[in-house]
Amino acid sequence: MQIEERAIGAVTVLDIKGKVTLDEGDRVLRDTIASLVERRRFDIVIDLKEVTYIDSAGNGAFARTYTTVSRRGGTVVFCNLSKRIADLWTITKLLTVYETYDSREEAVRSFERPRFEAACPVCRPLSWTSDPVGRRLLSCTVCDCRFFPDLTPTLLAPLDREDSPAAFVNARVSNLWWITYYENSYGHEAVQVKFGRPCTIVVSGRLDLFAFDVVQRAWEAVPPPRRVVFDTKWVRLFSEVGRAKLVELCLGGDGSDRAAIVAQNHWPTASPAVFADWKAAAEALGDSGNMPQSIEVRVRRRG
Amino acid sequence: MMAAHPERRTMSDRTDDAFLAEKLRRAGYGLLEDLELLTKSYLETGDPAFVQTCVDRLDGLRRIGGPGIGDDVERSIQPHGATAQRSAPIQSSSLASVQGIDAYAVLIPKRMVTADFIEVVPKDGRLVVALGDAPGTGLVSAFLARFIATVFRSLVLAPAPLHLGRTLSELSSLVSGHQLFESVSLQCVEISLPDDVATVASAGHPYPVLYSTRYRRCDRLPVRGPLLHAQQSRGDERRAYELRHVEIGDGDAIVLVSDGITEGGPLSEPYGYRFSRVVEEKAGADAEAIGEAILNDWRSHLRGEPPVDDAAILVMTLDSRWMRSPSHAD
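The listed protein sequences derive, respectively, from chains A and B.
Every letter in the first sequence is one number past the one before it in my numbering, and letter 97, counting from 1, is 97.
Here my numbering runs 303 ahead of the position in the second sequence, where the first position is 1.
Just so you know, not all the hints are guaranteed correct.
[What the hints assert, rightly or not] Partial selection, computed: residues in chain A whose CB lies under 7 Å from chain B:
| # | residue |
| --- | --- |
| 1 | Ile-3 |
| 2 | Arg-6 |
| 3 | Ser-56 |
| 4 | Asp-87 |
| 5 | Thr-92 |
[Stated by the list, open to error] Straight-line distance between alpha carbons at most 30 Å, and here's what the computed DSSO-like set of lysine-lysine pairs gives:
| # | chain 1 | residue 1 | chain 2 | residue 2 |
| --- | --- | --- | --- | --- |
| 6 | A | Lys-83 | A | Lys-17 |
| 7 | A | Lys-194 | A | Lys-279 |
| 8 | B | Lys-585 | B | Lys-426 |
| 9 | B | Lys-413 | A | Lys-83 |
| 10 | A | Lys-279 | A | Lys-245 |
| 11 | A | Lys-194 | A | Lys-245 |
| 12 | B | Lys-426 | A | Lys-19 |
| 13 | A | Lys-279 | A | Lys-233 |
| 14 | A | Lys-245 | A | Lys-233 |
| 15 | B | Lys-413 | A | Lys-245 |
| 16 | A | Lys-83 | A | Lys-19 |
| 17 | A | Lys-49 | A | Lys-17 |
| 18 | B | Lys-413 | A | Lys-49 |
| 19 | A | Lys-49 | A | Lys-83 |
| 20 | B | Lys-585 | A | Lys-17 |
Derived by calculation from the structure, the hints in this document are not laboratory data.
Idealized CB from N, CA, C, for every residue including glycine.
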C-alpha cells in the first residue's frame, strides 16, 4: 500500500493506493496518522479511489484512524468509496459512523462549514449520526433507521457559531425507513413509516417473523395514541406467523392504539383488522386528527 | 475493574515460554486449555494484561518453535468439541451439537493458522453458534480468535438467561480493554428447535443465509451491527446489539461464512453469496455434504489463486421430526 499526502490549506488529503491489509497497509496508515497528529494536522480526507482491497486488519486501521483523530478533536472524512468498500462498511455499520463523499472536492469543501449531528428519532437513549447536512438521508448506527431531517439554513442558524447558546434545534422528519439494498427471493425488503392522519406503515418484500422485528420497531416509532394503517400490498412472502403477529398487533393492546391492515388477495382468512384498500382501513380507525404529520429530531453541533 | 486474583496472576507468571514450548513438543500443544484458563482469568479480573502476556508468549514461542509451530497450534485451534478430520491446509470438523441439528465446520487458513473462529455451544437444548474473524493473519491473530471464541462460550454458558444482543455487547465491552481486539467481526445464531425459531445477532459480519424448505429458496438474513471494539467514541458500546428472529423448520439449513469466503476470487468478481445456489441444489443433504459442496464451489471460483484471507464456513441442517415422535412425547 502507498499513501501520498498533500495539503490543501488546513486540510490534509491522503491518497491511498493498493491493498489495505495487515502489515502491508495497517502499519503505514498508523505511522502516517501519528505523524499528522504530531504536526497537529487534524482535518483529514482519506481518498480511497485507488484502494483495491481491504481486509479486516485494514478495516481496523481505518476505525483506529477515525477514533484517534476524533478523540483529539479532529475530523476524518472519506471519499471515492468503491462499491465493495461501501458494502463492507454497510454490514459493519461503519458507513453510518464515517462521513463519506462522492468526490475529493466535496470532501475538502466539507471542512468549510460547521459539522452537525442528528439524533435518531427512534432510539432511546439518543443515538447520534454525523453529517446531516452533507448526506441528508441518515442512518442510525444502532437501529438502522433511515431518516431525512428537513434542514434549512434558517433552522441551523442558531448553531452556526461555535459559542452559540443553543444546545440543539429540532428538525422535522416525515418518513422513516428500514431498507435492505439487494433483493432476496421475495424482492426488495423495506419497512417505511409515513407520518400523517392516519400514519401509514408500508411493508415490502416479506412479512414473517424476521420482518416483524422491524415492523414492531416501526410501530413503536409512532407516537401514541397511534392510528396506523399497515399497507402490505408490496409484500411477496408471507408466513402464517407474520400475518398472525400483525393481526395481534392491530387487535391487541388496551384500545388506546388503533391499527388496520391493507391487504389484497394474499390474506387467506377474514379478519376485522384487514381491509381491501387504504381508504377503508383509514376510515375504520376513526378520528386520526391527533396524529402528527411529522416528528422532530434533535440536531446539534458536533463537539 | 476488579483487582487481579493473586493466585491466578502467579500461575500465569509461572507459565513461561520454556514451559509452553515443552508442552507443545510433548503433548501436542495444550494451548486451548491455557486459553480457557487465561480467558477465565480475564473475565474475573477484567485485566487486559493477561492478553498481552499471552500474545508476548506466543511471539516467544514462534521464535523458539520455528515455522513448524503453526502445525501444532493449528491442531489446537479448532472449533470447541471438534473431532479433527484434517487435510492440510483445510480443517474440517464434525461438531458437538444438540439433537436434531447437524453441524459441520470448515476453516481455511490463508497461511499456517487461521484467525477466523467458530464456536458451537449447546445450551439447554438449544444450539448457540458464533463465527468470527479476528484482524490479520498468523499466530497472534489465531490466538486472539480463539480467545474471543472462548470468552463467547463463557458468556453463553453463564447462568443468566441468554440474550445474544447483550452477549455481543458484553463481549465488545470486555475486549475493548485491549487494542489487539480492534475491529473483530462476529455473527452468532441461537437455534431453538422446540420453538422453531433462530435468533441472529451480528457484529459486522457477512449475513447468515437460511435455506427454507417451505419456500425452497435461500435468503440472506440482513442483520447488521458494529464491529466489536470499533466505535467506542460513539458511546454505544454498552447498548445491546440488534436481535432478529427467523422462523425455521424441518429440512432447513443455516449457513454462516466469513468474509474470506464472500471476498474470495478476482477483485472484479468476488465470490459473494454464490453458495446460496449450491445450498439450494444440495437441499436435504447433511451438513457435511453441503459444507463440502460450498467449499468446492468456492475453490472453483478462486481458479487456483490462493485465498485472500482466512475463510470459514459453518453449516447447520435442522430436523425437528424427532420431537414429534411418540417416544419423545412420552
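For each hint, the structure was consulted:
1. At its closest, the beta carbon of Ile-3 of chain A sits 19 Å from a beta carbon of chain B; the interface hint therefore is violated under the 7 Å criterion.
2. At its closest, the beta carbon of Arg-6 of chain A sits 26 Å from a beta carbon of chain B; the interface hint therefore is violated under the 7 Å criterion.
3. Taken as an interface hint, Ser-56 of chain A checks out: its beta carbon lies about 5 Å from the nearest beta carbon of chain B, inside 7 Å.
4. Hint status for Asp-87 of chain A relative to chain B: violated, with the closest Cβ pair at about 9 Å, above 7 Å.
5. A hinted interface residue such as Thr-92 of chain A counts as satisfied when its beta carbon comes closer than 7 Å to some beta carbon of chain B; here the least separation is about 3 Å, so the hint holds.
6. Between Lys-83 of chain A and Lys-17 of chain A the alpha-carbon distance is near 16 Å, which keeps this suggested pair within the 30 Å criterion.
7. A hinted pair counts as satisfied when its Cα atoms are at most 30 Å apart, and Lys-194 of chain A with Lys-279 of chain A qualifies at roughly 15 Å.
8. A C-alpha spacing of about 29 Å is found between Lys-585 of chain B and Lys-426 of chain B, which places the hinted pair at or below 30 Å, so the restraint holds.
9. Taking the CA atoms of Lys-413 of chain B and Lys-83 of chain A, the gap is near 24 Å; set against the 30 Å cutoff, the hint holds.
10. Annotation: proposed proximity of Lys-279 of chain A to Lys-245 of chain A holds, straight-line Cα distance about 23 Å (limit 30 Å).
11. For the hint linking Lys-194 of chain A to Lys-245 of chain A, the alpha-carbon distance of about 21 Å falls within 30 Å, and the restraint holds.
12. A distance of roughly 41 Å separates the Cα atoms of Lys-426 of chain B and Lys-19 of chain A; the hinted pair therefore is violated under the 30 Å criterion.
13. Distance hint between Lys-279 of chain A and Lys-233 of chain A is fulfilled; the C-alpha atoms sit about 14 Å from each other, no more than 30 Å.
14. For the proposed pair Lys-245 of chain A and Lys-233 of chain A, the alpha carbon gap of about 17 Å is at most 30 Å, so the pair holds.
15. Our distance criterion of 30 Å between C-alpha atoms is broken by Lys-413 of chain B and Lys-245 of chain A, whose separation comes to about 45 Å.
16. Using a Cα cut-off of 30 Å, the hinted pair Lys-83 of chain A and Lys-19 of chain A holds, with the two alpha carbons roughly 15 Å apart.
17. Restraint check for Lys-49 of chain A and Lys-17 of chain A: the C-alpha separation of about 8 Å stays at or below 30 Å, so the hint holds.
18. A threshold of 30 Å between alpha carbons decides the hint, and for Lys-413 of chain B with Lys-49 of chain A the separation of about 27 Å falls inside it, so the pair holds.
19. For a cut-off of 30 Å, the pair hint linking Lys-49 of chain A to Lys-83 of chain A stands: about 11 Å separates their Cα positions.
20. About 41 Å separates the Cα atoms of Lys-585 of chain B and Lys-17 of chain A, which puts this hinted pair outside 30 Å; it is violated.
Comparing the model with each numbered hint stated earlier shows that hints 1, 2, 4, 12, 15, 20 do not hold.
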